[in-house]
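Peer 1: Sequence:
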Amino acid sequence: MNQGDPTRSRRWVLHLDMDAFFASAEQLTRPTLRGRPVLVGGLGGRGVVAGASYEARVFGARSAMPMHQARRMVGGGAVVLPPRMSLYSVLSKRTFDALRLRMPILEQLSVDEAFGEPVELAGVGADEVRAFCEDLRALIKAETGLVASIGAGAGKQVAKIASGLAKPDGVAVIPPGMQHELLDPLPVRKLWGIGPVAEEKLKRLGIETIGGFARTPIAEVASILGTTVGPGLHRLAQGIDDRPVAERAESKQISAESTFAADIVTMAQLRAAVESSGRAAFSRLEKDGRAARTVVLKLKKSDMSILTRSVTLPFATIDRQILVATAQKQVIDPQELGPIRLVGVGFAGLSTVRQGSLFPELDQDVPGYPVETLTGALDEAELDVPVAARVPQRYWHPGLDVKHPEYGHGWVQGAGHGVVTVRFETRSSGTGIAKTFAESDEVLEVADAVDSLL
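The numbering of the sequence shown is this note's numbering, which starts it at 1 and goes up by one.
In case anyone wonders, no lab produced these hints; they're calculated from the structure.
Take the hints with a grain of salt, since some may be wrong.
Said to hold, decoys possible - Using 20 Å as the maximum straight-line C-alpha spacing, the simulated SDA-like pairs for lysine to any residue come out as follows:
| hint | residue 1 | residue 2 |
| --- | --- | --- |
| 1 | 93 | 80 |
| 2 | 93 | 247 |
| 3 | 287 | 435 |
| 4 | 300 | 287 |
| 5 | 190 | 63 |
Claimed, not checked - Pairwise CB distance ranges, derived in the manner of DEER restraints:
| hint | residue 1 | residue 2 | range |
| --- | --- | --- | --- |
| 6 | 201 | 110 | 40 to 48 Å |
| 7 | 66 | 218 | 37 to 45 Å |
| 8 | 244 | 167 | 41 to 49 Å |
| 9 | 142 | 62 | 24 to 32 Å |
| 10 | 247 | 134 | 19 to 27 Å |
| 11 | 142 | 259 | 45 to 53 Å |
| 12 | 450 | 253 | 22 to 30 Å |
Beta carbons are placed, not taken as given, at the ideal position from N, Cα and C, and that holds for glycine.
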């Protein structure tokens, strides 16, 4: 190694991010979808995109976008599928188990993202780091069939930005001496920790780039963003980031809450607040990669007393509509409870084992909201019938994994009018054949999504 190598760094932090993870997992296990614009997420009217393939991103579709908007952007060629979290969990575990053979300590941020700091890279140059990263990418490809992008820098902040620059399917190494040249022109929003509110505050003062933020006097930064957060972000903008890479303890609950300047006094206001906190909490849950079984609603009254209510579902789920609707079911009219100053929604009973409800619409009957089945509105008498009694015994929906004694494993491409069309294929099969069956055909059974990896 050249001792005078200007690209050497005392430490190298790597940030690994699986490329379009959810959509890539679908394309991996369902060969028909390879090269097609795939959207993974909620299929209902308020569904949100959880993942978009690069073919879909060409049209402007992206994660966290309303599904109806993404579908309009992509057009008729869009393939829309519900998430298969059990499959993603298995692929995630295989990925990080393989990585731990090379980097024993990983700080996993979500099912598809982690930091590492390999001890053998301390003090080496950029070329050696790049070769190490390419070896990791090859390892992941061999273990899972999926593609990852990796960024490397002298700290977490630079490494995370670098992985974004590496996408798709690449490696980006930013030595300390090149940090300011590459990062200073970037929008200040690229700085990890700067959200839309902070970005707007800085823009109003003419601070639009990371470099501009780094040159802002620390006292001014503290006055804009607060004395706790501001100085820390200012150090990151200057390239000072000595935060260690460490294994993260799993949270027992994920939540979000908001305090309001004016007390909430109507049901409409409360429902809107629960919806907002529920969406924010779900966003964190989705990043975490686990499902939730218990939904907690927290209400702090204007007299500072706190009311907490919770509901435990019969299964752990990652369905946003079910979780938020469950929070909505627990609200109490402020006219009865009294003025409310804080609303929080939390998810507990976190698990990597997930089960989707076959009829999520039946789990979302919130008072004041329309309740519909797949065949139409329920009448008043039906609302008193237990959910289990209302669910038909067989229901095939697009994206569902199924199996057939002759054709093997497949997935539902379409269903309705008494028939169901199945594409029989797995990761190793290549593009499979499509067959149509009667919905009542007893030989067709629901299958485990993980079997599509075979």
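Peer 1: Each hint: holds or not?
Peer 2: Do the hints match the structure? See the list:
1. Straight-line distance between C-alpha atoms of residue 93 and residue 80 comes to about 25 Å, which puts the hinted pair past the 20 Å bound.
2. For the hint pairing residue 93 with residue 247, the CA-to-CA distance comes to about 15 Å; that is within 20 Å, so the pair holds.
3. With a C-alpha separation of about 36 Å, the suggested pairing of residue 287 with residue 435 is violated against the 20 Å cut-off.
4. In summary, the hint linking residue 300 to residue 287 is not supported, as the alpha carbons are separated by about 27 Å, beyond the 20 Å threshold.
5. Straight-line distance between C-alpha atoms of residue 190 and residue 63 comes to about 17 Å, which keeps the hinted pair within the 20 Å bound.
6. Between residue 201 and residue 110 the Cβ separation comes to about 27 Å, which falls outside the hinted range of 40 to 48 Å.
7. Restraint check, residue 66 to residue 218: a C-beta distance of roughly 39 Å satisfies the suggested window 37 to 45 Å.
8. Restraint check, residue 244 to residue 167: a C-beta distance of roughly 25 Å breaks the suggested window 41 to 49 Å.
9. The given range of 24 to 32 Å is respected by residue 142 and residue 62, whose C-beta atoms sit roughly 29 Å from each other.
10. Range check, residue 247 to residue 134: about 25 Å between beta-carbon atoms, so the 19 to 27 Å window is met.
11. Hint check: residue 142 to residue 259, Cβ distance near 49 Å, so the stated range 45 to 53 Å holds.
12. Evaluation of the 22 to 30 Å hint for residue 450 and residue 253 yields a pass: the beta carbon distance comes to about 27 Å.
When the structure is compared with the earlier hints, violations turn up for hints 1, 3, 4, 6, 8 and for no others.
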